[in-house]
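Protein chains in written order, with our numbering: chain A, 1 to 466; chain B, 1 to 429.
The hints are simulated quantities; they were obtained by calculation from the structure and are not laboratory data.
These numbers were taken from a predicted model, which means no experiment stands behind them.
Take the hints with a grain of salt, since some may be wrong.
[To be verified] Only some residues are given here: those of chain A computed to face chain B with a beta carbon under 7 Å:
1. Glu333
2. Asp336
3. Lys371
4. Val427
5. Gly458
6. Gly461
Note that the Cβ used here is the ideal one computed from N, Cα and C, for glycine as well.
Here is what each chain is made of, one letter per residue.
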Amino acid sequence: MGRHFPKGGPAAALASLASLALVSCSAATGASGPAVASSDAETEASEPYASTYERYPGVPTAIVGATVYDGAGSQIDNGVVLFADGAVVAVGDASLAVPTGYTQIDGTGLFVTPGIIDIHSHLGDYPTPSVPAHSDGNEATSPTTPEVWAEHSVWPQDPGFSRALANGGITSLQILPGSANLMGGRSVTLKNVPSRTVQGMKFPGAPYSMKMACGENPKRVYGGRGRMPSTRMGNFAVNRETWMEAQAWMERDNPARDLAMETLAGVLEGDIGIQNHCYRADEMALVLDMADEFGYQVSAFHHAVEAYKIADLLAEHDVCAAVWADWYGFKMEAYDAIPENAALIHNAGACVVIHSDDENGIQRLNQEAAKAQADGMRMGIAISDADVIGWITLNAARAMGIADQTGSLEAGKMADVVLWNGDPLSVYSRPQMVWIDGALMYDMNNPMLRPVSDFELGQPGEGDVK
Amino acid sequence: MKRLLTLAASAIALTAAPLAAQDIAIAGATVATGDGGEPIENATVVVQNGRVVAAGQGVAVPAGVPVIDGSGAWVTPGIFASLTDIGLVDVGAVSASNDVSAGDSEFSAALDVAPVINPAAQDFSYSRAGGVTRASVAPGASSGIFAGQGAIIDLGADYDAVREARAFQYVELGERGAGIAGGSRTATHVMLRNALFEAQRLADTGARDEDAMLTRFDAMALAPVLSGQTQLYVEVNRASDILTALRLPDEFPGLDMVLVGATEGWMVAEQIAASGTPVIAAALRDLPASFEELAATQSNIGRMVDAGVTVAIMQYDSSGEHPRNLPQAAGNLVGLSRVTGATGLTWGEAFAAISSIPARIAGHANEGILRSGAHGDLVLWDGDPLELSSAPIRVWIDGVEQPLDNHQTRLRERYRTLDESQLPAAYRR
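Chain A with its partners taken away, still in its complex shape (with noise of 0.2 Å):
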């Protein structure tokens, strides 16, 4: 069966294209990363509450005789890591000469990974405190709110930043609308930097996503109040007829401006991914025929704990599977998660991420990523740790459109880095120094490293090692 594009005439048929491309997970990977539209001069004009984030300034960057995962798959032991002016200058094995003017930090016994990506958060939108002021992540008024962006609800206050910070070496994030409604509207992707505004914390030229849910979720919500969606049929029929309007919309000529329609429509012109929670299998085969139904492509498939049972037509459709380790049974469709999920999703040729969704567990993605690891070692699928770091990064990062500006060490990337002190796949280490951008924001070994938010000062605790 052919693709279905939207009628949007050819621009947008390509544009669809380049879509996939820029969502791909198992693409070769390069530095040269397919541009994404929010980079175009037209669209950054126009583009409303835009990044200001800046880099913050850094010192040129000599790592010397650690353990390097590069992000990309390699691992180079006794490695040099070089970084400079914010960017990756070189990575290589022992014999790459550190220039001079480098400030060069001896990494024996230690390890460098990316800096660490988690597709999936609420920080900002769940911040901490929990109490119900701050419950700002899900829009549950309506099962389709494409309209609303989580940029609009993250509080950059939220303490979760520094802790994934200092204990998960989490560079960048997605945020992430709740799995309240079908369509949950737009995620934003940060740099993980203390910022008074979130336009400061918003990653430069990162394309957006839209949340999608599947499931239990939306049918409960709205079944619950007498409305549709009440069942799983239902949950379809919404949301085919949302695309349905979204095609309608896009014919017009001058339409009035319409914010959910202008998102729909950046996802079928293939500017806007889809983040789309789903945990059941027989749901993510269905959704992927939806996507084709109206031309779009799926990023990534969220919690999918089912994945490893459709990890063919996951590898044949190139969309990312975002796992826990070992979440199960906690709701209906998470009865059958098994924890060798990612090991048979990753042996099945598709792209694995780790994913959080939550504000202690983005702490440790590491550990998450290592417990897969093993899970898949035990029942014979054999995958490199210098693969299973990539769950963390370079994946995340594709399936999040910024895989040509961060996620692997490689020459003219964000010089985002972990300096871990020790294998950051085993229980005992944590990271020793982060930078982002090429900028130190994290030294274990200096307190006033140690960013500590505003809702913090004065308490008890305040600038403790948490």
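With chain A fixed as given, assemble chain B onto it according to the hints.
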């Protein structure tokens, strides 16, 4: 392989009573006894008649006891998981399958988990496969500040799970308790005192006042709490709430208290230590999730232990957390010791906090530990049990080898291949 298949079958059809214990010797392994000390290399563990005979270096294996080569492997006591919902839940969000809370009940303190624990629930077998052999099971407070009576169980693949029914009473005295009591901690404290006074009057006189607020059964359930025969688990997190709780024995001298939560315990660690009250705390809470946890830090447990508090690790409250993740939590506290300015635990302390210490807090000092006379609960691991890459290879409870198969392992084997060229996956089993 044949042995494994037999065990798999027994996982599906639980036996009515435990199977006969085997005599076991594991030699040449790295052994952690759970006593707080560091692991012992090249050591031997002997279990006879369901009980540990000896564990350590230079242990002789009695004649006739078959020896398992433990080289390259680790042996530990089974993990003791504190305050779980094992056997109370099939699926958390499927309310009909979830017996944790009884929000619409007339009763609170009298609620008792022991008769409803279901050893066939999948979490039983998942936890067992993760090396958890004993646990405390607690109800969740909902209909009143008293959650009800918890039990101590073993995780053997049989229907005889409850080792001690009504082992402890559980009460919420923090934000959650305030919400249940009527919207304020002031109400919580009045409700607590009223309940204990009514229980005391009933116990002393057999009579109840006409305006009694507690049901007779709830009051009866609290009588053994007043005498200390049943432990009182008190959930408090804020430093000031902890101090308030520590003063309760001034009014009710018989109470045998355990603090649960204690997220800000490190701030009043010396007072907790001086009171001799043990603590069951989550290892990794480090966010100001509520106004009673503003000082949360992963160093909480390490600092309390350094102050002399007896602390067991429990899982934290999250959808993804299950008892089998306790070794990861403990391992993190070992890793924390390598973070400048943080306070973690030694390996021995960390493992004890998920084995012998929670068992001792629960009053079951012969569980979670490898020493002469202790229950023969062994876990043979393929590596350091606190490390992410490790998992149990074999598990024994009271000397009975346990099946490690379950719904998840069956799904794993079914979907090892996606080839349906001959028949659908439904025929693969």
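Outcome of the hint check:
no. : hint   : in the structure
1   : Glu333 : violated (9 Å)
2   : Asp336 : holds (6 Å)
3   : Lys371 : holds (5 Å)
4   : Val427 : holds (4 Å)
5   : Gly458 : violated (10 Å)
6   : Gly461 : holds (4 Å)
In summary, the structure is inconsistent with hints 1, 5 from the numbered list given earlier, while agreeing with the others.
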